[in-house]
Amino acid sequence: MSDTDTPKVDAAPPADPPVRSETAALQAIPRPTAAQIAAGIAVVLVLGALTRFFETHVPRWAVDTPFQRVAKSIEYPVYAIALGLLGNVILAKLDLRERLSTGFRTEFFIKTGVVLLGASINLRILATAAGPAILQALLLITAVFGFTWWFGGRLGLDDKLRALLSSAVSICGVSAAIAAAGAVQARREQIAYAASLVIIFALPSIFLLPWLAGALGLSDAVAGAWIGGNIDTTAAVAASGAIAGEQTLQIATIVKTTQNALIGLVAIALTAYFTLRVERTPGAARPSARQFWDRFPKFVLGFVAASAIGTIYLASVDKKTGSAHIAIVNDLRTWFLILAFVSIGLEFSSRGLREAGWRPIAVFGSAVAVNLVVGLGLSVLLFRDFTV
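First residue of the sequence shown: 1, per our numbering; consecutive thereafter.
Fair warning: there could be bad hints in the mix.
To be verified - Cβ-Cβ distance ranges computed for the label pairs, FRET-style:
| id | residue 1 | residue 2 | range |
| --- | --- | --- | --- |
| 1 | T321 | G131 | 39 to 45 Å |
| 2 | I134 | G214 | 25 to 31 Å |
| 3 | G365 | Y273 | 22 to 28 Å |
| 4 | P204 | L301 | 30 to 36 Å |
| 5 | A39 | Y273 | 39 to 45 Å |
| 6 | D95 | S316 | 33 to 39 Å |
Hints in this document: simulated from the structure, not taken from any laboratory. We treat Cβ as the ideally placed atom computed from N, Cα and C, and that holds for glycine.
Go ahead and model the full structure; you've got the sequences and the hints to work with.
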């Protein structure tokens, strides 16, 4: 049979590109150079120093002006986030933001600041608040995670995106979303959706919740429990608590770190669910105790250790000496939190939010509303008789 008589065979359709997990996507990104990391950190430090400068001098500049009262009420988180967002825009225009982003160590700054915060919290307060904080965390996470998962399913969201959004809004924002992404092997763009939504909703909450707590006449303990249980990122909780007051900040941090401690449990549960129910991979290994430990937020242990060390130290020295040394630790804590807030502004991206469409926004916004209402009820129920 001649070549012309050879039957033609239709070409196979091109295969769909493989879906890469977040881990694979991250591994494919070229490693940043030491110079890029150093330059990114330098940007954060410069903006952090500017934050301290404005925090100190703006109230002085505003004396005997119509802006005096407003200037005195603005706390460092406002300056830090605003300068971070401004730096974000400038670096993006100069096409430097992505190259320097590895120096924006938000997670490191947050965790270090929270650990240092533990030094100023008496171990007795931590021990007595742990009981209601654990109960609130369990009830709130169950209610909000369940609602978000259900509503996301009703609107037809992908199961992996549902897992990220549910974890983020019910536990602790981006950190929980990242832990969930590792558990369910989510795609990189889904991480961007969740992170963008967390930041969009967390920023106004920093200022809205302290104002609402004052308007509702909530006690420091109830306000702290509400703030800690509702705002989705540890850094934003610290910012909001700092605006509301030191005692409110202490309770808010305890409640938030209690929720953070449950990241590992949620991640393990998601791993098991997606392995055994969603993906149904034959022969898949069950989650191990080692996996739980790997995902456990170990900075929580540092927070508790710092509280114990600080309590023992203050009991062993005179009040004046102890207060002076704790003031140094608190100032260092403020510096780390300032750097965290600056980094949040620098890392913010609206691209993921634009690409997500309206359904994830509707799910996340509805879950935030449920979180506010249920969280307020639990805070009043569990912390109304608590004294700091």
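Status of the hints after comparison with the structure:
Our hint of 39 to 45 Å for T321 and G131 is violated, since their Cβ atoms are close to 32 Å apart. Checked against the hint of 25 to 31 Å, the C-beta distance between I134 and G214 comes to roughly 27 Å, which is consistent with it. Range check, G365 to Y273: about 25 Å between beta-carbon atoms, so the 22 to 28 Å window is met. Between P204 and L301 the C-beta distance comes to about 32 Å, which sits within the given range of 30 to 36 Å.
At about 42 Å, the CB distance of A39 to Y273 agrees with the hint of 39 to 45 Å. With their beta carbons about 55 Å apart, D95 and S316 fall outside the hinted range of 33 to 39 Å.
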